[in-house]
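Protein chains: 4
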Amino acid sequence: MRLDATAQGVYPIAPTPFHPDGRIDEGSIDRLAEAYIASGATGLTVLGIMGEAPKLEPEEALNIAARFIGGMARLPVIVGVSAPGFAAMRSLARAAMDRGAAGVMIAPVPSLRTDDQIMAYYRQAVEAIGLDIPFVIQDYPLTLSVQMTPKVIRQIVEENPSCVMLKHEDWPGLEKISALRGFQADGSMRPISILTGNGGLFLDFEMERGADGAMTGYAFPEMLVDVVRLQKAGRREEAHDIFDAHVPLLRYEQQQGVGLAVRKYTMMKRGLLTSDAQRKPGSVLSVAARAEVDYLLGRLAKFDRRAAGI
Amino acid sequence: MRLDATAQGVYPIAPTPFHPDGRIDEGSIDRLAEAYIASGATGLTVLGIMGEAPKLEPEEALNIAARFIGGMARLPVIVGVSAPGFAAMRSLARAAMDRGAAGVMIAPVPSLRTDDQIMAYYRQAVEAIGLDIPFVIQDYPLTLSVQMTPKVIRQIVEENPSCVMLKHEDWPGLEKISALRGFQADGSMRPISILTGNGGLFLDFEMERGADGAMTGYAFPEMLVDVVRLQKAGRREEAHDIFDAHVPLLRYEQQQGVGLAVRKYTMMKRGLLTSDAQRKPGSVLSVAARAEVDYLLGRLAKFDRRAAGI
Amino acid sequence: MRLDATAQGVYPIAPTPFHPDGRIDEGSIDRLAEAYIASGATGLTVLGIMGEAPKLEPEEALNIAARFIGGMARLPVIVGVSAPGFAAMRSLARAAMDRGAAGVMIAPVPSLRTDDQIMAYYRQAVEAIGLDIPFVIQDYPLTLSVQMTPKVIRQIVEENPSCVMLKHEDWPGLEKISALRGFQADGSMRPISILTGNGGLFLDFEMERGADGAMTGYAFPEMLVDVVRLQKAGRREEAHDIFDAHVPLLRYEQQQGVGLAVRKYTMMKRGLLTSDAQRKPGSVLSVAARAEVDYLLGRLAKFDRRAAGI
Amino acid sequence: MRLDATAQGVYPIAPTPFHPDGRIDEGSIDRLAEAYIASGATGLTVLGIMGEAPKLEPEEALNIAARFIGGMARLPVIVGVSAPGFAAMRSLARAAMDRGAAGVMIAPVPSLRTDDQIMAYYRQAVEAIGLDIPFVIQDYPLTLSVQMTPKVIRQIVEENPSCVMLKHEDWPGLEKISALRGFQADGSMRPISILTGNGGLFLDFEMERGADGAMTGYAFPEMLVDVVRLQKAGRREEAHDIFDAHVPLLRYEQQQGVGLAVRKYTMMKRGLLTSDAQRKPGSVLSVAARAEVDYLLGRLAKFDRRAAGI
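Chains as they are written, first to last, in the working numbering: chain P, 384 to 693; chain Y, 384 to 693; chain R, 384 to 693; chain D, 384 to 693.
These are calculated hints, taken from the structure and not from any lab test.
Any given hint might turn out to be false.
If chains are identical, the list can't say which one is meant, so a pair holds when it fits in one copy or spans any two.
[What the hints assert, rightly or not] Calculated cross-link-like contacts (lysine to any residue; reagent style SDA-like; alpha-carbon spacing at most 20 Å):
hint : residue 1 : residue 2
1    : Lys534    : Thr497
2    : Lys615    : Ala674
3    : Lys663    : Arg473
4    : Lys534    : Glu558
Quantities reported herein were computed from a predicted structural model and do not represent experimental measurements.
Build out the structure end to end from the sequences listed, making use of the hints.
Spelled out as structure tokens, the structure:
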């Protein structure tokens, strides 16, 4: 299955599970894949920034991608192939597609500043990986310090037929979704899929602005699935009800720098990961922070999804 | 009344009210002051970043500070005096104290990088304004791009007896509060007041980590007052209940760049401001964004403070 | 005299002279003005970044501008009016024009990121100061962290008839001059004046790429005048000869953060300034650094301008 | 031979030679190594930032390092092992030492901000590569956006016995050398080797401030060797004479972003590289820029080293 511009639903960003000594934890990969399928996810994204991709050796990266692909039972898997050089990007992209990936995701290098530089970068990236691989633009200014205007994104989409999706992660970003859907409406941009990130912190309104779903790694993917489904069904109040129950934890997980530690700890508590270890250099939760996450999980547990009519 | 290190409670960050043509709206200043007193605030902070201070002429700034001071009925008012040069900082600081300010707040200039540069900057600032004016360190890395470690803050506190308070606005910042309270516990730093910012988005846990209160401009200051009071009384669950009811709006207001527009719009809807205008260059809410805020306000209105036992 | 798009030659960036106690040194302003006229400068620029403008009170700024204007004997003086808010920008711009300024210079605020934001900023700035004041775009990414592509500059020029000049200070920036002159050649941009900064470190080639002259504060403005004149006369080798004699000092003065201290010290040694003091916060040369400048000045003194045929 | 704190002289930063199609050009590696030996270099540094290291696959990187080591005839070779993750850093460091490297160079990751973060990073890096590998701190704030104060460097040196050298590349940086040598003089830091970068643009004075030599990739390494030798011999005027003859080209090569293109083009013109190609994404010189380099090389050729008594 190849990714195309009609993709929708939830493509969780998978963390990469490690043992405390830094080895890859393959058992947890399998468990995660099962859990994502059970949560109702439509697909999966691996080797993203929150997948600790830059800390992996090339061979490890490919093995992890392949194992997730194997575990996802034919659901589409997008593989992050961002790299400082196009040689590495190409080799991972082509190898991942050979192993069954549905498409790849490409973030701009942080040194890009001007609109022209950004558009040139994507042209060169597509030239490097080949025209036959569907790709996702990753737009994440807070971490990448690259600012893409709606016009730049439109230009990338128009110049590169293999561009099928935007991973939207600007902050603030709601107006960007409206602007891009406006371009589609006035015929100046062909339709693409827009999935949103930012840990899910604005998913409620992102769906109302025209997003097709979510691509983020929040530790409760079933909430993302519920909100996307309810919003598509026009059940706005219910969508916000379940979303609001999660906001206290969402905002806690969305702290720059410690977010992945919160997320892995939560997933460990939920039985999805054997360990919450990150490869070094990584962040570690203090005792106080773990207690705060425990407290938030306790409060969340009181929220009854069924009572909320979901 | 002079600010000292025992300060606690809530010192809202006041917006500066403008008419749509850019003139200062003095009637709204008076109305805001009344509302802050009614909300239970312990003091007030004016001319902060969210007070659009850099867009004011020196004389305007002083007049605004004086009018807020007059309206606050002897409650302590902190005046932001951050400036690119020490001459302007000194003249505003001394004039504000003459008009009855309780103390001043000083942010580092964005060019500072190293620990030594930051400490030297505060030494020079204190030399400029005089040793007799109590001052607040403003620590806001996301906007100011200056990173102050707990050790640097300790050093500033130890070197400058007139430093009485930290406006804490790091993100993430919970561990910083714990570290500073640890310094006090081990005797390596004298006690100071810590009030927290970030729009209130982490106030629930900041209080549990040892903060003395809040200094932020969230459009519902009475919520900040409630959370601070309940947490100090050990009523943790109730504090989180009321806090959680506000988190959806808090996170919406805490969007970089549009936050002030959300805040002023909300305050206008609440009758506290006649207009939500900002001086140019400023941000403006789209029609869709206004509808989103309206929707969040509608949901918030359903939360009954009394039912929550507050 | 009003600035227009035919401006050329050298418009030195004047430092603001201070006494060691921070007061403005008006005698040195007069001496500087005489020296600039004697050096062959075509005009002057005051209240730039290297003029310590952000450290001045509004009234001081206007007085300094007026005194320089008075001293320059009808040569055109450009006044820097960059400010965080448009109210201050407007009041200084209009007051400076009333006092006889030829035009104003406007730098973008550092928070601008995208092409659209930059263009909108200049539209708003022009709206604020009025359509009747000729203005200069200041393009200085290293310090301002705003990246303007040639296309963005073209757009600003095309949208704003009162834009007459670019102060070019990108690094590297030679291709930018070629691109802009290419736009003029293909008819897509009306002609504007381009004067270059960067302390003069690339003036030799900037002239060959099509610059109209220099706008920078190097402590030997007569060298800038010589290079501009010789290059315009097609005397390339001589231009490089005199330029190369200065490069060791140019590169020393062009050190970020200490450059102004080097420049003021050199000007003091040359008798142009009574003191090399900066207003705080400022930089100070170490004893070793002063000795290095002295050494470079000694070597430079051996270079005989006459022998070089100038 | 293992690198230690007594290292001095010139360790050029080698470019990585590529064929126009992106393949590694091994013939040019051999030719470069011969030329470095002939220039009088004391050692060599490979896989630095200007060696396009991030664009190499791990196996390629190791092969390049090994080939340079083989070509350098027992002169010490330092291998850059900077990486986003410690796993990759460790594997390259240990493999390079196995192939005969003298030591490794480690740059901080760009996300580090505070003094404590920087020191912790180096502790973790040393733990990862092992205590037995001599390493060099790479201090290059302009590109890496990490600011290390002299105190932080001292702390890293004191905490990690395997730290033997600082690659000094701050800008401005002269005072940093003086501060570090001051720490050695007052006994608070053990002696380390300091080699300087910045393309050599301040080498004249860096030697006078106490540097032990140069580590930079300027296309005329013999000039670096001459200046270091003459300054050590106390022949100051001669050192400056030869240095000044190169400053026009040095400053041209030191333009951010295009510097490597200038350097490779010059080396190609000198017969050291078969092609000036960079791996993508890379920079390319315009026709005008090539002509400018040609012109500078022509002027430089007139300078007679023998006449200068070298």
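Hint check results:
Both within a single protomer and between protomers do Lys534 and Thr497 lie at most 20 Å apart by alpha-carbon distance, with minima of 12 Å and 10 Å respectively. Taking CA atoms no more than 20 Å apart as the test, Lys615 paired with Ala674 passes between copies only; the shortest distance there is 19 Å, against 36 Å inside one copy. Proximity of Lys663 and Arg473 under a CA criterion of 20 Å is satisfied inter-copy only: 11 Å between copies versus 26 Å inside one chain copy. Taking the closest pair of Cα atoms, Lys534 and Glu558 come within 20 Å of each other only inside a single copy of the chain (13 Å); across copies the shortest separation is 24 Å, beyond that limit.
When the structure is compared with the earlier hints, no violation turns up for any of them.
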